[in-house]
Amino acid sequence: ETGVTQSPTHLIKTRGQQVTLRCSSQSGHNTVSWYQQALGQGPQFIFQYYREEENGRGNFPPRFSGLQFPNYSSELDVNALELDDSALYLCASSLGDRASGGYTFGSGTRLTVV
Amino acid sequence: KNQVEQSPQSLIILEGKNCTLQCNYTVSPFSNLRWYKQDTGRGPVSLTIMTFSENTKSNGRYTATLDADTKQSSLHITASQLSDSASYICVVSRYNAGNMLTFGGGTRLMVKP
Numbered sequence: 001e002t003g004v005t006q007s008p009t010h011l012i013k014t015r016g017q018q019v020t021l022r023c024s025s026q027s028g029h030n031t032v033s034w035y036q037q038a039l040g041q042g043p044q045f046i047f048q049y050y051r052e053e054e055n056g057r058g059n060f061p062p063r064f065s066g067l068q069f070p071n072y073s074s075e076l077d078v079n080a081l082e083l084d085d086s087a088l089y090l091c092a093s094s095l096g097d098r099a100s101g102g103y104t105f106g107s108g109t110r111l112t113v114v
Numbered sequence: 001k002n003q004v005e006q007s008p009q010s011l012i013i014l015e016g017k018n019c020t021l022q023c024n025y026t027v028s029p030f031s032n033l034r035w036y037k038q039d040t041g042r043g044p045v046s047l048t049i050m051t052f053s054e055n056t057k058s059n060g061r062y063t064a065t066l067d068a069d070t071k072q073s074s075l076h077i078t079a080s081q082l083s084d085s086a087s088y089i090c091v092v093s094r095y096n097a098g099n100m101l102t103f104g105g106g107t108r109l110m111v112k113p
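Line order of the protein sequences matches chains A and B.
Each residue of the first sequence is one higher than the last, beginning at 1 in this note's numbering.
Each residue of the second sequence is one higher than the last, beginning at 1 in this note's numbering.
Hints may be right or wrong, so weigh each one.
[Stated by the list, open to error] Over the 12 Å line for every Cβ pair with chain B, so calculated as not near, a few chain A residues:
#1 S33
#2 G42
#3 P62
#4 L67
#5 N79
#6 L90
#7 R110
[As the list claims (entries may be wrong)] A short list of chain B residues far from chain A (calculated; beta carbon distances all over 10 Å):
#8 N59
#9 G106
#10 M110
[Claimed, not checked] Derived CB-CB ranges, DEER-like:
#11 E54/A to E15/B: 39 to 47 Å
#12 P70/A to H76/B: 38 to 46 Å
#13 P113/B to Q41/A: 38 to 46 Å
#14 E15/B to G3/A: 43 to 51 Å
#15 K112/B to N59/A: 24 to 32 Å
#16 Q41/A to I13/B: 16 to 24 Å
#17 E52/A to E15/B: 46 to 54 Å
#18 A79/B to N59/A: 35 to 43 Å
#19 H10/A to S83/B: 23 to 31 Å
#20 G16/B to N71/A: 41 to 49 Å
If you are wondering where the hints come from, they were derived from the structure by calculation, not from laboratory data.
C-beta: ideal position from N, C-alpha, C; glycine also.
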């Protein structure tokens with residue numbers, strides 16, 4: 001059974017650029033959720049995809065978007081990067097669209113915007 | 001407003017000692033509460049998960065308690081080890097579709113020899 005894999009592990013981008021982060025879900029899981037974790041803070045929910053459709057979104061602007069593929073892997077896209085977007089981006093996979101199951105987190109992508 | 005507050009923000013203890021971390025939440029409607037351990041720069045790893053009807057749950061040296069009436073939870077660590085040094089995050093989920101895990105800010109624990 002494979003866990004959650006995120007790529008890349010580290011990334012440096014310039015303000016105004018666009019970035020795509022990737023996540024492979026754990027085998028058997030069909031739901032992926034994304035979180036932003038600023039240094040020294042708890043993660044903040046960005047959005048969730050269940051069976052290729054977004055079914056929940058946190059308080060993030062539209063320049064944060066994503067999608068989920070038929071194999072349940074997912075991408076997070078951020079346009080027009082701002083300095084405050086610098087954070088650890090975490091992906092978690094789970095089974096089902098309810099919050100009752102277990103979540104498996106990846107190790108995250110560390111994004112630095114300069 | 002759905003919030004999760006943790007205390008203390010940081011804690012230093014000596015190896016072998018016990019400690020208790022606190023979590024208060026206002027998330028509603030409540031589905032379950034989880035405690036995660038997060039090493040620096042890594043993803044969170046689940047320690048315990050409790051539903052409304054569960055008062056306590058253990059995972060080795062970790063014991064979590066839940067009082068759904070007062071909306072409080074605690075995580076007790078016994079006989080601490082150097083490897084327990086990490087952030088401990090309390091996470092509460094709402095009972096509705098679309099997830100909405102609400103994370104606390106975490107307690108940063110440092111265990112010293």
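Against the structure, the hints:
For S33/A, the condition that its CB be more than 12 Å from all CB atoms of chain B is violated, with the nearest at approximately 6 Å. Distance check for G42/A against chain B: the nearest CB is about 4 Å away, which does not clear 12 Å, and the non-interface claim fails. P62/A, annotated as away from the interface, keeps every beta carbon of chain B farther than 12 Å; the closest lies near 17 Å. At the 12 Å boundary, the C-beta of L67/A stays outside the reach of chain B, the nearest C-beta of that chain being 17 Å off.
The Cβ of N79/A lies farther than 12 Å from every Cβ of chain B, with a closest approach of about 23 Å, so its non-interface assignment holds. The Cβ of L90/A sits about 5 Å from the closest Cβ of chain B, inside the 12 Å cut-off, so the non-interface label is violated. Remark: the non-interface label on R110/A conflicts with the geometry, its nearest Cβ contact in chain B lying 7 Å away (cut-off 12 Å). Every C-beta of chain A lies more than 10 Å from that of N59/B, the closest at about 13 Å, which supports listing it as non-interface.
A Cβ of chain A approaches the Cβ of G106/B within 10 Å, the least distance being about 5 Å, so the stated non-interface status is violated. With 10 Å as the threshold on Cβ separation, the claim that M110/B sits away from chain A holds: the shortest Cβ distance comes to roughly 14 Å. Range check, E54/A to E15/B: about 46 Å between beta-carbon atoms, so the 39 to 47 Å window is met. For the pair P70/A and H76/B, the supplied restraint of 38 to 46 Å holds, since their beta-carbon distance comes to about 44 Å.
For P113/B and Q41/A, the hinted distance range of 38 to 46 Å is not satisfied, since their beta carbons lie about 29 Å from each other. As the Cβ distance of E15/B to G3/A is approximately 29 Å, the hint placing it in 43 to 51 Å is violated. Between K112/B and N59/A the beta carbons are some 38 Å apart, a value that contradicts the proposed interval 24 to 32 Å. For the pair Q41/A and I13/B, the beta carbons lie near 23 Å from each other, so the given range of 16 to 24 Å is met.
At about 48 Å, the CB distance of E52/A to E15/B agrees with the hint of 46 to 54 Å. The hinted window of 35 to 43 Å between A79/B and N59/A holds, with their beta carbons roughly 40 Å apart. Roughly 24 Å separates the CB atoms of H10/A and S83/B, a value that falls within the hinted 23 to 31 Å. Between G16/B and N71/A the C-beta distance comes to about 47 Å, which sits within the given range of 41 to 49 Å.
Going through the hint list in order, the structure does not satisfy hints 1, 2, 6, 7, 9, 13, 14 and 15.
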